[in-house]
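**Q** Below, each chain spelled out in residue letters.
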Amino acid sequence: MNGSTTARMASNTAVLPQQLTWEQAVAQLQGTDLQDRYYAAWYLGTVRDPRGVEPLLLALQDELDRTALGGYPLRRNAAKALGQIGDVRALPGLVEALTCTDLHVREEAAYALAQLQDGRAVDPLLALLQAPEVEQPWEAVIEALGQLNARQAEEAIRPFLQHASERVRSAAAWVLYRFTQAEALTQILAELLAHPNPSLRQAALFDLAESGWVAGAALLATADVALNLRINALKRLFDVALQLGQVPPSQVAELIIPQLDRLF
Amino acid sequence: MASLPAAQVPSTAVAQLAAELEQATSPEALLRVVRALGALGQVEGIPLLIRAFGFNRPAVGEAALEEVLRFGELAVKPLLEHMDGFDYGARAYSVRALARIGHGDAYGFLVEAIVADFAPSVRRAAVRGLGRVAARRPVSDQEQALLLLQQCLSDADWGVRYAAVGSLTDLARSGLPELRSQAQAGIQTALADADRLISLRAQMSQQELAADP
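Going line by line, the protein sequences match chains C and Z.
The first sequence begins at 91 in the working numbering and counts up one residue at a time.
The second sequence begins at 671 in the working numbering and counts up one residue at a time.
For the record, the hints were derived by calculation from the structure and aren't laboratory data.
These stretches of chain C come out as covered by chain Z in the derived footprint (C-beta under 8 Å, 3 or more residues): (1) 306-315; (2) 325-333.
Beta-carbon label-pair distances, calculated as ranges: (3) A254(C) - D865(Z): 38 to 48 Å; (4) D329(C) - E782(Z): 26 to 36 Å; (5) L817(Z) - A272(C): 45 to 55 Å; (6) P348(C) - S844(Z): 14 to 24 Å; (7) D213(C) - E782(Z): 50 to 60 Å; (8) R138(C) - E736(Z): 41 to 51 Å; (9) Q820(Z) - Q220(C): 54 to 64 Å; (10) L739(Z) - V224(C): 51 to 61 Å; (11) R138(C) - R866(Z): 16 to 26 Å; (12) A699(Z) - D213(C): 52 to 62 Å; (13) L750(Z) - Q120(C): 50 to 60 Å; (14) D827(Z) - Q207(C): 22 to 32 Å; (15) A272(C) - L861(Z): 34 to 44 Å; (16) Q109(C) - P883(Z): 48 to 58 Å.
From the three backbone atoms N, C-alpha and C, an ideal C-beta is built for every residue, glycine too.
If we strip away everything but chain Z, and leave its shape as in the complex, we get (with noise of 0.2 Å):
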């Protein structure tokens, strides 16, 4: 990273922006710090940005998810070392940041989520990153994200059937190219759903990837 010859400098800046975090009240002063730590680009502003996801203001999780994904595949540690057990609205903001950066190191933590998760919104979007993610890993891996996102087809949460989608679309664009074909058919599957928005979630899929052969 470019900023790593004068690091010294920016963890006080961190520091800083830590004790401003700190003592913010107004969603304004909090957004204003959550910006700032992503202008300031040093990784150790991440584990506050995360911390951020928590303060149960969508705006400022929203801000803060910006911000991380800013910093891309060097989020993915500080992501996984400080996802939160307890509350499930920050843990879904998370496992969103993990989705949409799609390293493979992600891949166990968005299994067991989808599998054991009782929050519907950390599963949806555990689902929703799993394509990607999978796409970075040994054809085992590839394998099981795709029988996994085969079982979410038919789960009760329309939620989960409609991230699967989405999910199978990224594994068929790119995974392995032997998968492909499996993964277009769990496509093909979701266009008979019974909800609307997931027949045409899936129609918008296949035209994705007849576009993208």
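Excised from the complex, chain C in its bound form (with noise of 0.2 Å):
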């Protein structure tokens, strides 16, 4: 095909994507190509119809993409796309890749299942935060657990303000923020979005944003990250904030408005 080279090049750069049509996608999807296989998953979740979500979960249970380590380079893909679809009908594929051997793969899996929304993914997300003796991509499954809303998990993600990542520890805090509200643990972002790391500031500027700390609008806006990260961190707040409803919408825009106008 013409367009292969196109194909292996955009897998892996971030070059605008070839156009193929849906049924072109799904037919190299299940070719034999393993390069035009992952492009093809991933731009199945870019185009977001739900008639990928059949494909895509029998991608997700490939054996031939193995990397030398042992990983699974088209379920990544996969996991991923099906979450940008966010068809409840990937439910129990995505559930099941949380036991898949690749950690990249869980962490995938574990993403999807928090766009899906569906209370069902609950479960299986809490067990992989109860047996901590198995290497976890933590952060994603404290991540999924707070786009979930899933209270029942405060106790066992407790544990991990304390992990020796910052990244991890980042994502407790937020989650558990929007959960109890505790002053205690605004503390931790706050601390996080000052850290020298510049990737590390980014991370929690966008940690204080999903966790509807409203007050923490100024620091967002202070924050040493680039301009355009701030305004849409700040935008991310109001939108978090209005969505769990503990303050007023004319209280959270009297908090956040006056911020993001000094930004423009």
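Using the hints, put the two standalone chains together into the complex.
**A** Given below as structure tokens:
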């Protein structure tokens, strides 16, 4: 196929997607070329056509595309695409993917389950946290439980506030803040927002936004992070706070709009 | 300016700070030089502050913006002359400065940026400043700005719509009285925006304008 070179480039770089029809993408996904299959899985996620669920669920069980270390690249992309499509028919397959030997497949499956917004994912995700002897994609699992509003996970998440990884601590802090609104958690978020490492500051910026802590708006506005990210984080904080509904919209607006205005 | 009689001495000071800015490696050192340039109050230092917008250190950029704003309208000419055509991050800070200062000379640049700049952060800042800047221009420019801001209310970027509400508020408040009702009609339109942030911002604007008839 004439476009296959383009497809190979597109699978691992940020160039614009090759224009495939949905049928072509499914045919590629079910073909034999590993690069084409990998690209097609990603492509079907961007298209978000629910007809992609069946072929992607098959790709989620693929045995052919393996890395030297035993990873499953196609499964990772398939899980991610199923999350983007957001169809609950993918739930059983994604729950099964949480037991895959490839940690990155488990990670993508956790994020995808968060996007399906179906409470049936809570127990299997929670089970991963409760067997801490196995290395898990902790940040993804904790964030998924947060996005699913799984308040029963509170006690299982709490120990991760002491985790060695800042990213994991930060995830635990925003999720627990959403559940409890305990002031002490905001300190963890604020400290990470002032971290010397710029990529951690950036992660902390959006974790604070996810927490829904509206009084933290001033910290978002003044963080040492690129302007457009600060603006987008304030917007996300606004959307989260409105969705959580703990603070009346007029009060959310009063806290966030003045901070946003100083960035424009 | 008060410092005019002693122009010779401060120029040396600016040169000194320019050298320090060149040598600074840590964000703390950059911040110190930026603050010193602002405190010095010499217009020759403004281009150096504008350069600091492009250091890719947001905290330094924000400090430089504050210091540039202390110069008020004196900063408009250097801002327009030293606009960074390559680094849109730096350009956004310059446009924010022009938007805050609100001098009529920035009008043409802002209109061009709204229509043609590819960077959302630059467009948003330009939209935000247009009302304030246009209010200092003749009636035909105010009318054109009003039209452009009304178009911005249906932009795909929420940030442009958000900025347009604030900008229309400025135009309603400080522009020609005969345009006020049209600017208010734009804000009225924004009340129905599907994005709650935009509608709440419009509500705030209406309250502000009602309190300032």
